[in-house]
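Asker: Following the hints, position chain D against chain H.
Number of protein chains: 2
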Amino acid sequence: MKRVVIIGGGFGGLTAAKSLLKYDLEIVIIDKTNHHLFQPLLYQVATAALSPADIAHPIRSSFSGNKNVSVFLGEVAKIDTENKKVFFNGTSINYDYLIVAVGSRHHYFGNPEWEKFAPGLKTLNDALQIREKILLSLETAEKIQDVKERKKYLNYVIVGGGPTGVELAGAIGEIVNKNLIKDYRNIDPKQTKVYLVEAIPKILTPFPDKLSLRAKKDLEELAVEVILNAKVTSVNENGVQLGDRFIETKNIIWAAGNQAMPLLKNLNTELDSAGRAIVNHDLTVDNDPYVFVIGDAAAVKDDNGKLLSAIAPAAMQQGKYVAKIIGENISKEQRKKFKYKDRGIMATIGKAKAVAVIKGFNLSGLFAWLAWCVIHILFLISFRNRFRVMAEWMWYYITNRPGIRLIVKYTKENN
Amino acid sequence: MKRVVIIGGGFGGLTAAKSLLKYDLEIVIIDKTNHHLFQPLLYQVATAALSPADIAHPIRSSFSGNKNVSVFLGEVAKIDTENKKVFFNGTSINYDYLIVAVGSRHHYFGNPEWEKFAPGLKTLNDALQIREKILLSLETAEKIQDVKERKKYLNYVIVGGGPTGVELAGAIGEIVNKNLIKDYRNIDPKQTKVYLVEAIPKILTPFPDKLSLRAKKDLEELAVEVILNAKVTSVNENGVQLGDRFIETKNIIWAAGNQAMPLLKNLNTELDSAGRAIVNHDLTVDNDPYVFVIGDAAAVKDDNGKLLSAIAPAAMQQGKYVAKIIGENISKEQRKKFKYKDRGIMATIGKAKAVAVIKGFNLSGLFAWLAWCVIHILFLISFRNRFRVMAEWMWYYITNRPGIRLIVKYTKENN
Chain H
1 MKRVVIIGGG
11 FGGLTAAKSL
21 LKYDLEIVII
31 DKTNHHLFQP
41 LLYQVATAAL
51 SPADIAHPIR
61 SSFSGNKNVS
71 VFLGEVAKID
81 TENKKVFFNG
91 TSINYDYLIV
101 AVGSRHHYFG
111 NPEWEKFAPG
121 LKTLNDALQI
131 REKILLSLET
141 AEKIQDVKER
151 KKYLNYVIVG
161 GGPTGVELAG
171 AIGEIVNKNL
181 IKDYRNIDPK
191 QTKVYLVEAI
201 PKILTPFPDK
211 LSLRAKKDLE
221 ELAVEVILNA
231 KVTSVNENGV
241 QLGDRFIETK
251 NIIWAAGNQA
261 MPLLKNLNTE
271 LDSAGRAIVN
281 HDLTVDNDPY
291 VFVIGDAAAV
301 KDDNGKLLSA
311 IAPAAMQQGK
321 YVAKIIGENI
331 SKEQRKKFKY
341 KDRGIMATIG
351 KAKAVAVIKG
361 FNLSGLFAWL
371 AWCVIHILFL
381 ISFRNRFRVM
391 AEWMWYYITN
401 RPGIRLIVKY
411 TKENN
Chain D
1 MKRVVIIGGG
11 FGGLTAAKSL
21 LKYDLEIVII
31 DKTNHHLFQP
41 LLYQVATAAL
51 SPADIAHPIR
61 SSFSGNKNVS
71 VFLGEVAKID
81 TENKKVFFNG
91 TSINYDYLIV
101 AVGSRHHYFG
111 NPEWEKFAPG
121 LKTLNDALQI
131 REKILLSLET
141 AEKIQDVKER
151 KKYLNYVIVG
161 GGPTGVELAG
171 AIGEIVNKNL
181 IKDYRNIDPK
191 QTKVYLVEAI
201 PKILTPFPDK
211 LSLRAKKDLE
221 ELAVEVILNA
231 KVTSVNENGV
241 QLGDRFIETK
251 NIIWAAGNQA
261 MPLLKNLNTE
271 LDSAGRAIVN
281 HDLTVDNDPY
291 VFVIGDAAAV
301 KDDNGKLLSA
311 IAPAAMQQGK
321 YVAKIIGENI
331 SKEQRKKFKY
341 KDRGIMATIG
351 KAKAVAVIKG
361 FNLSGLFAWL
371 AWCVIHILFL
381 ISFRNRFRVM
391 AEWMWYYITN
401 RPGIRLIVKY
411 TKENN
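Protein chains in written order, with our numbering: chain H, 1 to 415; chain D, 1 to 415.
No wet-lab data here; the hints were simulated from the structure.
Just so you know, not all the hints are guaranteed correct.
All copies of an identical chain are treated as equivalent in the list; a pair is satisfied when it fits inside any one copy or across any two copies.
[To be verified] Each computed DSS-like pair below joins lysine-lysine, with the alpha-carbon atoms no more than 30 Å apart:
1) 18 x 341
2) 178 x 148
3) 409 x 32
4) 178 x 265
5) 22 x 148
The shape of chain H in the complex, shown without the other chains (with noise of 0.2 Å):
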């Protein structure tokens, strides 16, 4: 029986397995953590309105009953295309079949010491590290006397106008100007205030302009300032320098460009600027019809040369895509081009706040908050999540506070 190896388990990986199951094959995944992570939704992790195990399943789970299918928890350290073997945790495993579906990593532009004060947004971990920085912040401001030292812990910047960077500058406005403060005997909501800081003249790039600045509006009804054509320039442990522009804070959440894999490197093949494999037609690499790369981890190009996004749509198109050729063992030189079916794209601002183009129609307001919620319910990867984050959103359109506040870790350094 022919071997498939997978490396990572997101939306592209998994859609692969699940659609090799139907051939005979032998199928290995291989991922740094033990879930699949539905990865739209982790800024409401970060934001205390989900817990981790709404949004996450574990990978080994979805293959229970497929004999065929094995599961490691592995950090793939080498990739021997030349031996067809794949290196992880000490020990390896050959493949017919290698599917690299990686994805990304946040990059700070050159300045990876930039990350100890803007954590970026990727896993469980970030999410979680990230709602103890928010939580802990309000903890350490209402122990503070001083007006002027205060005012640090209750300015909020998010580096990043993408969809991430909207919804988590969204989500904690809601938080902090409205849902928590009532919480706290010493903060007065005027002195919180959250920042959205964008390089470029408009936010959420992919969108029409009219939609971009909807969005704006929206942000800044929920008393979020959004910075456009600001470019930060330094990050420290007080703040962001932005040009001429300093803004004291003690958060600072990064969500600007995304970076592909070092793995990459290993499969002899072109990168672009981003670090992303430049794959063929059939996303396969060069010279190598048994190597596909997927997901956030390829640069793939649509029928008018332009760059697809990295979303959860492109890599399960591309790992259902993979999966026909390997399982119908169609030959390189029958393989037709990857075609991506663009179904649309939403982000979410806050409550009743949401923006779409889906068919070419753009979407605005409750019904795109309404068509955002629906679509994200339904992908989730199981009916327990689907059921669990349900619940909990409708907790919180209910209470107005988001249901997950705990800190676990005391981080003594923030006190």
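Answerer: Chain D only, in chain H's frame:
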């Protein structure tokens, strides 16, 4: 307005605060965490059945509408009873009355170095660490080809046969022997083994012998080996030494023995061998009618001269009792002795398996288990938590699979 400072937001502290609300007093709660924790269900977080947020609730949320209550996240460093002052996180606060409800920690009978290999279970952070340890161990076992080496990762040793130890052993027995194993390809359920180690001749000391034996039988049905009369003489990274028997394991959990917090030494009052404050009949410390110690931190005896167990009902009754004295400003001479009303004791072993003594009646099996479920649901701190725990339990009951099987921090040393 007189100020009552309460150190600790556990069962004792929180009940005291709530009972004080009806009086015209300023109330300040200081806790090391930001949440009240429903500790009786903590083992279910450690065994992946519940999420942290299911059993924890932000302390300040309980007092949102009470402007006379302030809550601070902080660690009390010093109590100055002479000047009626409490020092925490670089600041200090004066009190008219002080309630010390600081709980306890597990202790290692003079071998603190064992903690690294045998973590205890008192906080959410403890529970998450144990959860990661158990799940990582299975992941590691799945990768190991050598059967003898693999066995180490499939042995689980729980030290201490009190309620926590019994509940942990039962839950881990259910997980590793029944529920999860079908998710793994290389792990043979016959290889997994759970041991419960107790130094004296019976488990569940406060229970009648008949129920202790029943609990032991129930555990054995879950393939847990109960080792009585066995004292741990050494713990290291490869296992546990019990006299001349050595059990090889990478998974040791410590559920033996409590020790009160060192902060109590500040009170200038006599402590017992476990570090608890020996209190007067009105729960005050020697020569100070304004300082009360309640809950696990106090050594309180019942009418028969027997020390009260460190359980929630005792702490809650003490919190209420103390609040009345403070609220009604009862003078030292007129304070009646604290009397503990025994509402019963219970422990669960697994699905449809529990033991209980309620109003002198011995219960076991399904009926005791149902009583256990109902009582634990009822005493959860909020409607939200009650709803969530019920939903999780129903899920677990139907699917036989704990739902929160997430490894969030990828601990490299285990891989």
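Asker: Hints first: check each against the structure and report whether it holds.
Answerer: Do the hints match the structure? See the list:
1. 18 x 341: Classified as within: same-chain Cα gap 20 Å, cross-chain 58 Å, threshold 30 Å.
2. 178 x 148: This pair counts as within: shortest intra-copy Cα distance 22 Å, inter-copy 58 Å.
3. 409 x 32: both (22 Å within a copy, 10 Å between copies)
4. 178 x 265: neither (47 Å within a copy, 43 Å between copies)
5. 22 x 148: neither (63 Å within a copy, 36 Å between copies)
The structure is inconsistent with the numbered hints 4, 5, although it conforms to all the rest.
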